[in-house]
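> Take a look at the letters that make up each chain.
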Amino acid sequence: MIEAKAVNFAYNRGQPVINDVTCKIEDGEFVALLGHNGSGKTTLSRLFMALVHPRSGQVFVDGDNIENLEPADLAHQVGYVFQNPDLQILEDNVFSEVAYGPICKKLPKDAVKEQVIAALEAMGLENLADAYPRTLSFGQKRRLGVAAALALNPRTLILDEITNGQDEQEKDNMMAYLEKLNKEKGITIILITHDMNIARKYARRAIVLNNGDLVFDGRTQDLYNGERDLNEWGLSQPVLAVLSAAMGLSAYSVEEFCQQLFPKEGDER
Amino acid sequence: MKITAFTQLITVLAVTAWVFLLPVPVVALILVLELALLLYIKHDRLTMAAIGALTVFTGMMILLQLVFGSSFSVSLIGGLRMFVMTTAFLCLLAATKIQDIAQALVEKFHLPFEYAFMLTTALRFVPDFLADSATTLDAQSCRGYSNRGNVFKRLYSYLAVVKPLVMRAVAKSDTLALSMELKGFGANTYQNMQPQKLQVADYGVLLVVIILSFYPFWAKYL
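Protein sequence lines correspond, in order, to chains A and B. In terms of the working numbering, the first sequence opens at residue 1 and continues consecutively. In terms of the working numbering, the second sequence opens at residue 1 and continues consecutively.
What the hints contain is simulated information worked out from the structure, not anything from laboratory work. Mixed in with the good hints, there may be bad ones.
Unchecked claim - Lysine to any residue pairs mimicking SDA-like chemistry, simulated, CA-CA at most 20 Å apart: (1) A/LYS106 / B/LEU159; (2) B/LYS153 / A/GLU70; (3) A/LYS141 / B/LYS153; (4) B/LYS172 / A/PHE95; (5) B/LYS172 / A/GLY165; (6) A/LYS141 / B/LEU165; (7) B/LYS163 / A/PHE95; (8) B/LYS163 / A/ASN84; (9) B/LYS163 / A/GLN83; (10) B/LYS163 / A/SER96; (11) B/LYS172 / A/ARG134; (12) A/LYS106 / B/LYS172.
What the hints assert, rightly or not - According to the in silico footprint, chain B covers these stretches of chain A (three or more CB under 8 Å from chain B): (13) 85–94; (14) 144–155.
Glycine residues also receive a C-beta, built at the ideal position from the N, C-alpha and C atoms.
Isolated chain A, as found in the complex:
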């Protein structure tokens, strides 16, 4: 569980980036953190991970104030996956790369092996355990980043623009793994994204920031109901949401849209 209470933040002496934000993310939620560029969503997630500390207000992780903690102290509770996987690849094979976190935490060898294997399996990388990480595809590197965070058994995963620069198939692949983690293992997912379709399809809750202010916190389907004007927050309704709403459907993918529009015999519309 992550909770922000009246959090304010500004970099150095600059303009405030986060203004009096209060929100609570419960265990097992799938949350999309949305907003235009510079709206403060990455900064808010950095506050959750103790990468920066609030000017005022408090952040709690599992009920503990993280004011005096470092990211390393939280790594077994919250996993953070950065946008660029290349900037953290350290080892010469995938297994060792994922094992870095558990080894830092000085876990026994058997536990390291067990957690690494579990993380690799969770992200579909078990067959690439001996591969050189830099030769992996971009999508695989992204999954490696998630596996590296998962190896510490965190209860929450924060993913910063995890689907950026990936083709549709790889995006779906990644999101399927994350959905499985959320549903089967109960891991809280906080997804920072610009991809409205992904947010609409997978997240059950949306938090929208606009110039550092929290302007929406509620069900994703209420945000993307196809009617709400999101332009003032620098967002837009996905085309599918607008079309579905106009036609009285509730499709989350093109396939679903077609099925609902042209139901086969025996299907319910």
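Since the structure of chain A is provided, determine the placement of chain B on it from the hints.
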């Protein structure tokens, strides 16, 4: 008054000579002038930090000389000379674009343009490198890296930050080299900069430089 990069380079080279040629009080005066000039050109946090770091480094140099048996005055003068020389370079970097310096090196000093380009590229990499190192540090911290323990432990654990950075820098330079070659770098037929012509101000500054540089002669004979 704007002087060209060529004149500025000559002045900086002259200052490095003056610290040995001119009397110590004059060298101290040059330092005061340099600092005033530097703060006039740029008085942001980075400049203040650079001056602060330089002061600490100079203090350490003086201390080191004292430890190895130099007298206090010799150590102090040594520190002052280093401070003046380095501040001259800081003034140059604050006042002039790297591209202008590179152009002056190629045009006036006949440095092969590949080397001048290497200089500008290396300096352009610095902010990128600093940004990458901050991100890498954050990324590894989120995986359990912590800069705690004794010096040796810290140095060893810092490899987790250095290694990805080096790999990233190599990959970046490789990409840059490839893209430069694809753009025809090395053909040496393309000129996209106006030649830097010396103005009246440049001649004035160069005259002062010449006069001061000949101090040992006119101090002896006049």
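> Which of the numbered hints are not met once you compare them with the structure shown?
As far as the earlier hints go, 3, 4 and 12 are violated by this structure, in ascending order.
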